[in-house]
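Going down the list, the protein sequences come from chains A and B. Residue 123 in the numbering used here sits at position 123 of the first sequence, with consecutive numbering throughout. In the numbering used here, each residue carries its 1-based index in the second sequence increased by 501.
It is possible that some hints are incorrect.
[Stated by the list, open to error] If we take Cβ atoms under 10 Å as the criterion, some of the chain A residues that face chain B in the derived model are:
1) Asp186
2) Gly190
3) Val217
4) Arg390
5) Ala395
6) Thr412
7) Gly444
8) Gly460
Quick caveat, the hints were computed from the structure, so don't treat them as lab data. From a predicted model like this one, the values you see are computed outputs, not experimental measurements. Glycine included, C-beta positions come from ideal geometry on N, C-alpha and C.
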Amino acid sequence: MTDLLANLGLGFAVALSLQNVTLCFLGCLVGTLIGVLPGVGPIATIAMLLPITFGLDPVGALIMLAGIYYGAQYGGSTTAILVNIPGEATSVVTTLDGHQMARQGRAGVALGIAAIGSFFAGTVATLLIAALGAPLTRLALIFGPAEYFALMVMGLAFAVVLAHGSVLKAVAMILVGVLLAAVGTDLETGQERMTFGLAFLTDGVDFSVLAMGLFGVAEILRNLDQTETREIARARIGRLLPSLADLRQVAPATLRGTAIGAILGILPGNGAVLGPFAAYTVEKRLARDPSRFGRGAIEGVAGPESANNAGAQTAFIPLLTLGIPPNAVMALMVGAMTIHGIVPGPGVMTKNPNLFWGMIASMWIGNLMLLVINLPLVGLWVRLLQVPYRLMFPAILMFCAIGIYSINALPTDVMLIAAFGVFGYGLIKFGFEPAPLLLGFVLGKLMEEYLRRALTLSRGDVLVFLERPVCAVLFLVAVTILAAALLPSLRRGRDAVFTEA
Amino acid sequence: MSDASDGVRRAGSVVRAPQSFVAGLVLVLLGMFGVWAASDLPRGTLGAMGPGMLPHWVAIGVALCGGVLAATGLVRAGAGLQTFGLRGPLVVVLAILAFAVTIRPFALGPVAGPGLGLIVAGPLAVIVGGYATPEARFRELLILALLLTAGCMLLFGDLLNLPIPIFPTAVIEAASGRIPSRVLLRLAAGALALAGLGLLALERRATRRTRTDVAPHAMTT
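So here's chain B without its partners, still in its complex pose (with noise of 0.2 Å):
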């Protein structure tokens, strides 16, 4: 990321705000794109408009603005590029995709799913999800993670009833008919927040025997 940025501002005198140059020719790019993606759609007349009407002459405005921006991108000067990150989105998009594969049985192709509901996708979403941050602690993440799904499972599952897979397809089939899926639901949400609650409550024990040696009053402002 960073050598792209250099390369731009070493050719900064022909360039005079990368910023505008770089997102008008990828506004150019993505006319261009539509321009082709409703090239295969009847255009028809003004009076009988088709299908392929607007989108085509909405592409050609996109490239169109693209261009313009990025000309005065080279007359005007203006804001330089700005970093990106790549650790947050990387990890971000990772963890979406976490919970998109296994919330319900799911194939794409030759990628498939097994379906293993809220109860782990959502956990899984959590704790991957929050790595996108260096200040990640596996312990916290872990306590938020039970915390959250249970309180998830008992409002949208229990309370809203939503349609929104909570077991793993395998524990469903094996509990129908024996438990209620309610009071299985119920179960399973108290013994995640029991469990998060006991973590939470160790983690507090700890940091407060370290914290009395240290600092006794300041933190209580």
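Same shape as in the complex, but just chain A (with noise of 0.2 Å):
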């Protein structure tokens, strides 16, 4: 416990200095900016303002980047709430009674419980985070190359199971990621593999182009096909706090969300997605009067709004501890972190605590600062949101054209977004889900890693994934749920938490 006073004092002190806190600042500020934008989700904004944060040191740099995630997602809840277009997957449920709200005129109210539910699911992951992250770098630790491959295939599963529609479009969506990832040199032997002699392919191809051709590119190809539907609430936003009446009654589904939340975004392989689901699906089941939900019930904002923060937060576990990314953002975040230089994973909390407990505490004051922000800026959010999109796509097409020059300065990597944008234009046609491969596509590498590490030291012998305790255990997780999601009854189930929200 002193322990964990101490760190958090060390995390406060590196967080708190005015560049950090500008930084924060900032970054909340540029991510709600972005992210309120209709089409445009965390991913795309991460990717497109990754640049920006070049130039600052690897702490700042993260600070700013988490702060534009948290900005993100919050924008996301905001066009939700006000034009009924989830800015993201974790948003969907937002729109049912959010979106009511607005259109009652308590589109204040719902923002206001929005950010503060937020906020309380934000102090809670944070204390979280400080709790289990010595705990779960001492595991590591102890984690060889096969338990990690089991922890990585355990991983895919959850995100096959978690991903909406076909289980088998998911896994091919997995296998072409891992595919995609092979293309490059060979890290063992230096032999270039499926870059038919081209140069541009030599080092593979890069994350954040890949990421921002199927986030980016294929979004606005995707919206361009739709004619445009916005109805931005009309009627008057209304007041932002939430009386004690609205603050009494959200207080418990607040709760329940951020448990629910916070346990959810733990799992690798993307559980933050599901977070709102659950936590809307259990309010709806504890209501006295379940009929008023999708017509406006507050708790039905309250509750996945906490989750979706809480998971949003507690997804950077698996990063910092075990250094897997468990989706596509951390993914991003690997990227970031690997451009300044530090490898993800159990060393970071040993090697750099400055950067771990200043980020850990960077989240906190960030909620924080998203509370602060977001509340009076709302009148800013609606008349942005007013911008017709025939002038809002040619800006976010030059927004990803200049990000993803100026990382690399290679015209080719441009190039290679357009075509990227057109594949998952055509992967969105057909009915796949892009955020599978983008995490097929990160974890593929280190999978073939640790593989054929594993591989080499037991000698070619493929019984040491089960005969080794931990790494059995992870591996019949793994087939467990896979196969109950192929089950007929449980996928029903597994439907149902989609669509009945």
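Assembling the complex is the task here: the two chains are given apart, and the hints tell you how they should meet.
Okay, structure coming up:
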């Protein structure tokens, strides 16, 4: 306990320096600004803004990126409430009751509750990360390559189960991602793989290029297909601060949402996505009068929003302790860390305590900033939302091009985002989800490395994965949930969680 | 595009979920392509995996998934093919390519770009890209392009100091030694911003004049 306090003290000392507080503030502000734009989710926002952080020192850069992430996430909730367009998968549920509240002239209260719920969830999640960080890191140190491989397989299995739609399509996407990750120079032998002699493929496909193509450009193409139906809440925003009665009503929902979101967020394989759906379902089941849900029930905003934010934050745990990014956003964080010469994993905490604890402390500060920034700026976001898409997407396009160009100063990277954009558009049209592909791409490289190392150590004996107890358990979990997802009865249950909401 | 979907729909008696069926076939092709692309790499043994081992088996996995997906498309009824927009993808790709070949001197085989910097590549991307939607209006896009480019020049070039070329190489050579690059950047950004704001003011005045006749207060809500 004293350790924890001392560590948090160190963290706050780092995070509260003038430079870092400013960066955190700027990150939250810019993140919200871009995240509010409909059709730009956190992944595209971070990929677009990544170059801005290049010139900073590692601690400042990661604090700013984390701020951008929370900002983008909160921006997504704002669009969900005001325009009925979820900025990303996790704010889908917020549209249900949040937008109804907005139509009833209670948009302000919905936004306020979302911000307060998120702040509370963020506070709890910060403490959780601080408490779990040290023990999990110790656990990570006894993990060998076989265990890491098994852990990643389990993460991917979760990603398959948690993806919407067909299990088969999600598996296919992950495999395509792993295949894409194999392009480039082989780390062990130095041999070029599947580069077709093209010089710009020698280093492989850059992660941010893939992310920007699949999530930035493809999203633009998809939006261009639909004629615009944005219904901005025309009614007054109303007052922002919820009344005491409101607060009393949402308090239990916020607590439950935080708990659900925090637990699911730790799961490798993007458990955070499930949090808001699960929280909404729970609130609806527990409510005395479930028929209020979908008609502007305030708990229907508070629960999922708290879960959303708690999950967004606890998703940092696998990254910071084990070095395994559980979802695409965290994969971008890996990219950012490597650019600054930091290898994510158990070493971060011991080698860069400033960075580790500073980042954790900045999470709490970031959440406070969101509360401070968003409540007075709601008017500005509303005006931003009125910008027609025909003006918005050329701007997004230009930011994407500049952002990608400035990472490696390669025009071929810019061309590749066009190629991946069209590819992603095709995927969407054929009912595939690009998120598992991205996760497969990130984990693919790590997995191959650990698989090869594990098999070299065991002299090619595949049974090593079953002989080591931790490893065997992880594989068992992976197989069980995959099998469960394929069982018809459970599959119906899974679909229900996603659609009932 | 519509021909293809019609064709599949006509064969509806055999293919019950065209979307899954076609997607599966594409995956099979992709997997086969992967197997071919990795075929020249040594696979090694389990104890000492070569560079070709993982790509080979993963590509086979992709093809298998595709095969099963296509098969389910024959058995189980499902979604039909969606219509693809052509204008959007084509124009957006064109805009990105325009940016890529003009941002810096560039040569890919016989094609060579002159290297015009952000000041040309930026507006080019915005204006060309804007035409991806039929609602595009040239004046609007021009104003947007001018203001955005000015903003990006200041943000990325001046404030963040990212190594992104701002001006055409010829201009940089002519100006080197005479005007400090920072000053040049700020002057140019200022000029672009002024031009953009001027156009915007003109546009506003024009619309306001027409608007006062038509709808005096409906727009204020």
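Evaluated hints:
Evaluation of the Asp186/A hint against chain B yields a held restraint, the C-beta minimum of about 4 Å falling below 10 Å. Hint status for Gly190/A: holds, given a least beta-carbon distance of 9 Å to chain B, under 10 Å. For Val217/A, the interface hint holds, the least distance from its beta-carbon to any beta-carbon of chain B being 7 Å, beneath 10 Å. With 10 Å as the threshold, the beta carbon of Arg390/A comes within range of chain B, its nearest partner Cβ sitting at about 5 Å, so the hint holds.
Checking Ala395/A against chain B by beta carbon gives a least distance of about 6 Å; that is within 10 Å, so the hint holds. Interface hint status for Thr412/A: upheld, as the beta-carbon distance to the closest one in chain B is roughly 7 Å, under 10 Å. Checking Gly444/A against chain B by beta carbon gives a least distance of about 8 Å; that is within 10 Å, so the hint holds. With a least beta-carbon distance of about 3 Å to chain B, the hint placing Gly460/A at the interface is held under the 10 Å criterion.
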